[in-house]
Amino acid sequence: MSALDKIQVREERLPPSKGQAQAGKGTNPLANVFDELINFARSRSLFMLHYCTGCGAIELPPAMTSRFDMERLGVQPMVSPRQADILLVTGYVSVKTLKRVILTYEQMSAPKYVIGICSCTVNGGMYWQSYATAKKLNDYLPVDIYIAGCMPRPEAVIAGLRDLIENIKHGEANSWKDYYQRYDHYLGNQQRLFGEDWQTPTNVIGEARHYGLFGPETLGAHTALLEQYQRPLDALDMKIEIPELQRFQRP
Amino acid sequence: MSKELSTWLDKLLQELEGIEFRRKSARRLRVDVAPDALPALLELLRGRASYVHLSAISCVDWIEEGEFELVYHVWSYELQSLVSAHTRIPREPGRYISVYDIYPAAGFFERDIHEMFGVWFEGAPDMSKFILTEWDGPPPMRKEFDSEAWVNAHFDWQDYNPEWLQDLVAQGGGIAIPPDEQRFSRRNVDET
Chain H
1 MSALDKIQVR EERLPPSKGQ AQAGKGTNPL ANVFDELINF ARSRSLFMLH YCTGCGAIEL
61 PPAMTSRFDM ERLGVQPMVS PRQADILLVT GYVSVKTLKR VILTYEQMSA PKYVIGICSC
121 TVNGGMYWQS YATAKKLNDY LPVDIYIAGC MPRPEAVIAG LRDLIENIKH GEANSWKDYY
181 QRYDHYLGNQ QRLFGEDWQT PTNVIGEARH YGLFGPETLG AHTALLEQYQ RPLDALDMKI
241 EIPELQRFQR P
Chain E
1001 MSKELSTWLD KLLQELEGIE FRRKSARRLR VDVAPDALPA LLELLRGRAS YVHLSAISCV
1061 DWIEEGEFEL VYHVWSYELQ SLVSAHTRIP REPGRYISVY DIYPAAGFFE RDIHEMFGVW
1121 FEGAPDMSKF ILTEWDGPPP MRKEFDSEAW VNAHFDWQDY NPEWLQDLVA QGGGIAIPPD
1181 EQRFSRRNVD ET
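Chains as they are written, first to last, in this note's numbering: chain H, 1 to 251; chain E, 1001 to 1192.
This is chain H alone, in the form it adopts within the complex (with noise of 0.2 angstroms):
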């Protein structure tokens, strides 16, 4: 037994990726390596989308800046989703949140990672009598991890974060590519929800096909909705009713 052949005692830690073929095995266990240092990398550099649904955002604040410093740990707040890593969602969502937040994720560029935080993402928390608010956020959106308190301490929020960290680093936080390879099931709880007609500009089969996750759960009775009532997407029309700028306007 070689000594390469014991790198690859690693990655049975991977759980088998459905619909992709296990790469490098037994062909060119260096391709491995540089997996885990991506990885390594990876985990040290996350770019946090922060979506301040609800109250739980006020523990940020005390987590990022000088007490705690979020930072220490490679994590920094971005602003845009098409640059961020993770998606915190902090607090209750409600429905019509639910639609952004939706439309937010799929913007993000894989791979991408997804917390909730606060008791309201597991299960509405307080709100679980409201007709407004989402229950489970897993039902919409593949979770990573779940940080549960209402709201957690700026130390939960850390430590979920080191969670998250260590799962990178070990290539297990995969749950980005069950959105991909499970997408009828995740817009099949949308439908419920937003009605049969729900559509996001987002072609995430395409995206599916492109990093190679299309599986047979993608496609379903679900997409075959999304089919049916597809929309063209027409540019808005630009309308200037301001009187001083009417002189602008091409006739």
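Just so you know, the hints here were simulated from the structure itself, not pulled from any lab data. Possibly wrong hints are sitting among the right ones.
Said to hold, decoys possible - With a straight-line Cα cutoff of 25 angstroms, these simulated DSS-like cross-link-like pairs (lysine-lysine) come out:
id : chain 1 : residue 1 : chain 2 : residue 2
1  : H       : Lys96     : H       : Lys136
2  : E       : Lys1129   : H       : Lys96
3  : H       : Lys99     : H       : Lys136
4  : H       : Lys96     : E       : Lys1143
5  : E       : Lys1024   : E       : Lys1011
6  : H       : Lys99     : E       : Lys1129
7  : E       : Lys1143   : E       : Lys1129
With chain H's structure known, arrange chain E on it following the hints.
Frame of chain H; chain E shown alone:
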């Protein structure tokens, strides 16, 4: 000055017929009035008694009596006092007249009450959806709307004994609720 004014207001209101008023404190007055007299009372309060600010219109659903109670809270900056005008309208058909022409701010409150309780206000400028855009269920603040049943029909509940919680309990933390003691779970809903 203001004390004199409020005494005059009391005397004035005593002379009006068909209203019942109760001074709750020096700066709060409750008036109960029939629905057809309410616009005239508000007109009087605004035009003659300096109650120019409509703070809110609130609605109470008295389902057993078959009535909606509308409460118009008007504030006077000069008298520094609040008048709450209560009126009751029948729950069916739930139509009333808008006071938008007296207080323009009423437009927003009436729109809100329309979507939360389903009361229709004649003459209001806009009765379209206000906060509950994207909501197509019944008016949710009515007493007959069963929020719990709606929630059970539209959402799934988290499994209260998931693996991650068992792990936490094994480490000495968490609160585990056995499935038969869970009041709200998808499983129970399906059985009944």
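Could you tell me which of the numbered hints above are not met by this structure, giving the numbers in increasing order? none
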